[in-house]
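A.B. asks: Protein chains in written order, with numbering that gives the first Met the number 0: chain A, 0 to 403; chain B, 0 to 251; chain C, 0 to 435.
One or more hints might be untrue.
[Unchecked claim] Taking lysine-lysine pairs in the DSSO-like style, the calculated list, with each CA pair at most 27 Å apart, reads:
1) C:K232 to A:K109
2) C:K232 to A:K110
3) A:K254 to C:K173
4) B:K118 to B:K135
[Claimed, not checked] Pairwise CB distance ranges, derived in the manner of DEER restraints:
5) A:A72 to C:Y238: 20 to 30 Å
6) A:E191 to C:S147: 15 to 25 Å
7) C:N243 to A:A72: 31 to 41 Å
8) C:Q350 to B:T12: 27 to 37 Å
9) A:R8 to B:V9: 21 to 31 Å
10) A:G4 to B:V9: 24 to 34 Å
In case anyone wonders, no lab produced these hints; they're calculated from the structure.
Note that the Cβ used here is the ideal one computed from N, Cα and C, for glycine as well.
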Amino acid sequence: MFELGPIFRALLRQKVGAVLIALQIALTLSIMVNAIFMMQNRSTLMARPSGLDEANLFYLSNTVFAQNYPHQAALEDDLRLIRSIPGVVDATQINAIPLSGGGWSMSLQKKAGEGEDGTGVAVYMVDEHGINTLGVELIQGENFQNTDIRWRAASAVDWPERTIISQAMAEALFPGNWQSALGQTVYINNNEPMQITGIIKTLQAPWNGWDGVERSMLVPYQLEGRNNRYMIRTEPGRRDELMPIVEKALAESDKNRIIRGVTSLEETRADSYRSHNALNRILLLVIVVLTLITAFGIVGLAMFSINRRKRQIGTRRALGATQLQVMRYFMLENLLITSLGVLIGVAAAIGLNIWLVSQFELKPLEPMLLLTGVVVLYLVGQLAVLYPARKAAAIAPATATRSV
Amino acid sequence: MLKMKQLGKVFHTGEVSTHALREVDLHVKEGDFVSVTGPSGSGKTTFLNIAGLLEVASSGEFLLDGDNVNLLSDSQRSKMRNQKIGFIFQGFNLIPELNLFDNVDVPLRYRGFDAKERKRRIEQQLELVGLASRMKHLPSQLSGGQQQRVAIARALATSPRFLLADEPTGNLDSQMAQSVMALLEDINRQGTTIIMVTHDHGLAQRAKRQIFIKDGRVSELTAVEGLHSAGLERVTPLHTHGSADAARQLGV
Amino acid sequence: MLAYYLRLALISIRQSPGLSLLMVLAIGLGIGAAMTTVTVNYLMSANPIPHKSEQLFYVQLDSWDPHQAANENGDPPDQLTYRDATALLAAKKAYRQVIQAQIGTVVEPEGKDSLPFQVSGRANSADFFAIFDVPFLYGGAWSETADSEQQHVVVLSQSLNERLFGGKDSVGQKVKMAGDYYQVVGVMANWQPRPRFYDVTTGAFNEVEELFVPFSLLAEPKLSRNGNTNCWKPSGEGYPAFLNSECVWTQMWVELRNDSEKQQYLDFLNAYVEEQKKLGRFARPLNNRLSDVMQWMENQQVVAEDASLMMVMSLMFLLVCLLNTIGLLLAKFLSKAPQIGLRQALGASRQHLFAQYLTEAGCIGLAGGLLGLLLAWLGLQGVTLLYGDSMKGLAELDWVMVLLAMGLALLSSLLAGLYPTWRACTVQPSQQLKSQ
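Hey, can you work out the whole structure from these sequences and the hints?
C.D. replies: Written out as structure tokens, the structure is:
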């Protein structure tokens, strides 16, 4: 490090170039760190399990247009038909699709009456095949019996006596003691009692941006209306093959309705997180291009600085500097500039983060990430200066004695 | 036409002040050919820079055609350089990425001549130095002597009344140096005033006046008649042929 | 002289192709990224109905739960209850007024071979077409009588008319939906406001619906609604109870031509709510709102947060690219110090040199701008690809953006060129001429 003094003094003499590079490094660091942080946040969101057997699930919409239609009988026929198709594991009617962004929510409260505190929860109306079809794991209590299932008319307001809730919902109702939720009575619509007869491990609500996304409940209801959705689970690997088969079978069995929107749950997940995914890719591209731009900037400026100092370098060589020492000079110079940039950059990154947090729904930065960014930029700087430094080392000592 | 009175130039670098020129009194008349000699660091180049309006004196008075140069703005001095002064340098200072035509074109552009006039002057000057056929070549394709000829053509393109030459033969071998010197003498004979800095005493003695600078002070040498004429004798034949022919004969 | 400077710039750019390419690339990438995100933001925040956006007002009444505000920031609910909306419509206190809700229905075309299909629709009162300046290809809006008499009339979109009637004038024809026949009274010309401001609660950038029917038909449960329904207390059993409930699912716009009309209407709303308070409703403090189009877009955060975030990032990106360009230009111009000194010796003034080098910076900027445009176009394709249909129509360059891109490129390169050029102009000629 004995060379640092002269390098530093030389830098002071051509300060603008050095400051420009340092500023670039600073900005790159602050953008990079914040962008990676956003990507991490979104990746964490996307990695949350929905609780479903996503790979083997698909669903479709059944829209009845005929008048005076026997809704109940037709629904039972449809489900029987689907379940009888080879390769189908199970099927259920369901009112809302997890991850899809559209669904029902209600509020459950521990005490009856208006004005009591309630906890928001996503409502999935299914029959006794619901748990098996969705592939959710029942960890306490028992599934619905066929006798629990009730028909729900289009504008009904009452609720069945039983419900199965997600562990997160149980925890929200009974903090610190979710197991105790089993068997308890809670109230829906302020006053209507429901008994918790089962707890499932994970089942996400349809809205991935909701802070209560892990809170959900299963209700033993069959819907009687013009618009129905069927959720179908297939044997592993047979989903794509069965999707058109089920669609065709349903469409042909009854001409008084339209079967549409046959969609796999994986597509729904992709749609649901499309903007997250897109932003992550864009941010990744920004980081990569930004780093490249900065690196090329370092290369360009170093090349020019070396060209201008050709004679000086030649003189150093003539005075006995080894190639390695010349290279080291430029590497050290870059190290100093990068240090300045990193110093400003860390401050800028934190400043930017504070501003972003105040403007957008973001969390504060983690220090570890900042440190990683710093290390990465030191590496980028050293790598970028390697080529010009080798060029400098290759300058012949004789250059010193030539006048032109 | 050029008058310096008690001219001084001081450079300040940190704590140190260097007196590059002290109390210079000089009067150069129209048609003079002045050579400037002196040891390295004596102030020759500073003298030439001030004479060529590239630097401003720290003290004293400098009149060019009666104008006090010290009082002019940067752009007025640029204009005056462009109209009255031509430069030639030791290192030729051609712009490497421009071809010969464009190099000679540079001062004409700043003069504001129209395209036709520029073309006429460029072709005329390149013809004069014997390089008209190589107009589209880049400087790097020429020999040193040829490059200096282009530089001279460039310096003369604006028809300056003053030609300042800073070691014009310093980078040339002696044969080429002789030919360039002959060209300068020819130019002087046609009425252009020349001030030439050189360290070659032989060339210096061929000038009409010789001044010597040491430690920033200027003194004038009285020419020794015999040496002067002997120097002239050697090159006399070239003058009768005109410069273009001279260049060809020398194989430049 | 400009031609001369341009030629010199070209020669200089050609002389160091790698460096020039790097600078053009840096500016191009910066401009490309900035323009991509600026375009998306610009289109998202566009005024969809500029000539009357300040005369159209979205109506909000605070009919919500006495114990809890509808929105965290205390804003009233985004929609009205059916009973309030129909009451306000009937009062006719504004110059024009419309109440509306989104529906979904199945159209059953005539003929054995045609299959029934699902369409998106809207139930709205008659003024909808006049308030929002909906253009018609054939026919026109239905009358207020059609509203009050719950007539089965329908206005078709151009594309649905194409599908059902082959694009012919279908006024007077019948369309069968949910077991009933609807008479066509009008066919809309192509109309796609962006954002689809008249109902942002069902997606600000979704397509305009395919058919429109009188709102009064929703008094019967035959047509199914598609939009959002929010209730703060149980609605009661049966459809009539639902209509009479505190559930909000109706949107209302009024057209008010000046400030005094607006004030009068607000007074009317407040009086209405005071009246309702006597009936035991509207337990919350008086909190009625009239928001004009752009205020409502702002309130509903029509410009997606991600889009603004990306714009911030891309503008910072542009800044890095500019710093890069400044550094490289500085290096390049300073390496030309000998030439600069020479030109000064040959009579160039500082102005000459300034113009020459700024021209060079400008040339690089323009080249960067062109590259930036290309990259912005590619970037927008990429955005469309990544975001899918939700970005449809939001990722297209128009001439405003093209001009902006070129202007931005030129401006940024000139800004970037300013310091290096200044440094170049202050080169001391005498120090450059002696040794090369």
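A.B. asks: Now tell me if each hint is right for this structure.
C.D. replies: Hint-by-hint comparison with the structure:
1. C:K232 to A:K109: Given that 27 Å is the threshold and the Cα spacing comes to 17 Å, the pair holds.
2. C:K232 to A:K110: Cα-Cα ~16 Å, so holds.
3. A:K254 to C:K173: holds, 22 Å
4. B:K118 to B:K135: Between B:K118 and B:K135 the Cα gap is close to 13 Å, so the pair holds against 27 Å.
5. A:A72 to C:Y238: 20 to 30 Å: holds, 23 Å
6. A:E191 to C:S147: 15 to 25 Å: violated, 39 Å
7. C:N243 to A:A72: 31 to 41 Å: holds, 32 Å
8. C:Q350 to B:T12: 27 to 37 Å: Given a distance of about 30 Å, which is inside 27 to 37 Å, the answer is holds.
9. A:R8 to B:V9: 21 to 31 Å: holds, 26 Å
10. A:G4 to B:V9: 24 to 34 Å: Holds - the Cβ-Cβ distance for A:G4 and B:V9, about 31 Å, lies within 24 to 34 Å.
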